[in-house]
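Read off the chains here:
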Amino acid sequence: MSKSQLNLESEQHGESLVIRPVGVIDASNMDRFQKMMEEMCRKESPRLVLDCHDLSYMNSSSFGLLFHFHRLCESHNGDFRICRVPHKIDSVIRILGLHSILYIHKSLEDALARQSGPA
Amino acid sequence: MASLKKDNFVLMVPGHPSSLSVIRWVVTRLARAADLTPDQVDQIEIAVDEACTNVIEHAYESLLPKPPIHLEIQTKDEQFVVDVIDCGQAFDYDSFVSPKIPEHWLEGHERGVGIFLIRQCMDEVLYDVLPDERNRMRLVKKRHPLPLSESQPDPC
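Residue numbers (the numbering used here), protein chains in the order written: chain A, 1 to 119; chain B, 1 to 156.
Okay, chain A solo, but in the shape it has when bound:
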């Protein structure tokens, strides 16, 4: 057995960096996900959009990381948004109350449009 499959793809859209995790995030790969995301959150004025369309599973600790990334980006004068969240993951976001404290968008276009203003 090996770590659960997770690839992080990224693409620059203007000043925003779109990050697409593909696969699952669980206890076997969460540290790697955290490390890679933190590197991007710590850049100067980061504008990050986490596109969750190809994410099929997240464990509870990785949901906690979303707010951690949100705070980290804010502390570096940046902005962190989430978009295209699958129903299964969105249900947990709501159970955990994160929908009221994170910027979550239905489409990538909407997330990028909201991010195009001053961070």
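Incorrect hints may appear among the rest.
[What the hints assert, rightly or not] Here are the simulated lysine to aspartate or glutamate pairs, DMTMM-like style, with alpha carbons at most 20 Å apart:
#, chain 1, residue 1, chain 2, residue 2
1, A, Lys35, B, Glu110
2, A, Lys88, B, Glu78
3, B, Lys76, B, Glu45
4, A, Lys88, B, Asp35
5, B, Lys142, B, Asp77
6, A, Lys35, B, Glu57
7, B, Lys142, B, Glu45
8, A, Lys106, A, Asp54
9, A, Lys88, B, Asp123
10, A, Lys88, B, Asp77
11, B, Lys142, B, Glu78
[To be verified] According to the in silico footprint, chain A covers these stretches of chain B (three or more CB under 8 Å from chain A):
#, region
12, 83 to 92
13, 100 to 110
Think of the hints as simulated: they come from the structure by calculation, not from any bench. For every residue, glycine included, the Cβ atom is placed at its ideal position computed from N, Cα and C.
Starting from the structure of chain A, add chain B where the hints point.
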């Protein structure tokens, strides 16, 4: 998968994070075979993953080599039941207080919602220490059988 509907399954996996994907794979397939709704299957997947993650990260934290995790999955007439059994450090489940949401996050906590999530996802959660001193978390989801007209015909 019809033959899985009333059977009991036992699964023994290494107490390591790399087992989690296998556990989720098996449990979700058995839950689907038990005619649970897609949302119920998702909730069971989350609850079982969280329960097993707790065993790996807490009950087995100081143990080397890591003991296995034992899962028993039963499809009953009215319930889908998953027992997660470990032989590590027992957890004081009864004194666990669910966090206030979303204050938990705003106060700076980044973890500690696993048990809360398990309780939210399942209809019943029981935790006890078995006579052989292993710990068992029992996760129960009520089944709502499909009306007869939507059920698969019995080939026998």
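Here's how the hints hold up against the structure:
{"no.": "1", "hint": "Lys35/A <-> Glu110/B", "result": "15 Å, holds"}
{"no.": "2", "hint": "Lys88/A <-> Glu78/B", "result": "24 Å, violated"}
{"no.": "3", "hint": "Lys76/B <-> Glu45/B", "result": "18 Å, holds"}
{"no.": "4", "hint": "Lys88/A <-> Asp35/B", "result": "18 Å, holds"}
{"no.": "5", "hint": "Lys142/B <-> Asp77/B", "result": "9 Å, holds"}
{"no.": "6", "hint": "Lys35/A <-> Glu57/B", "result": "19 Å, holds"}
{"no.": "7", "hint": "Lys142/B <-> Glu45/B", "result": "15 Å, holds"}
{"no.": "8", "hint": "Lys106/A <-> Asp54/A", "result": "14 Å, holds"}
{"no.": "9", "hint": "Lys88/A <-> Asp123/B", "result": "18 Å, holds"}
{"no.": "10", "hint": "Lys88/A <-> Asp77/B", "result": "26 Å, violated"}
{"no.": "11", "hint": "Lys142/B <-> Glu78/B", "result": "6 Å, holds"}
{"no.": "12", "hint": "83 to 92", "result": "violated (count 0)"}
{"no.": "13", "hint": "100 to 110", "result": "holds (count 7)"}
Checked against the numbered hints above, the structure violates hints 2, 10, 12; every other hint is satisfied.
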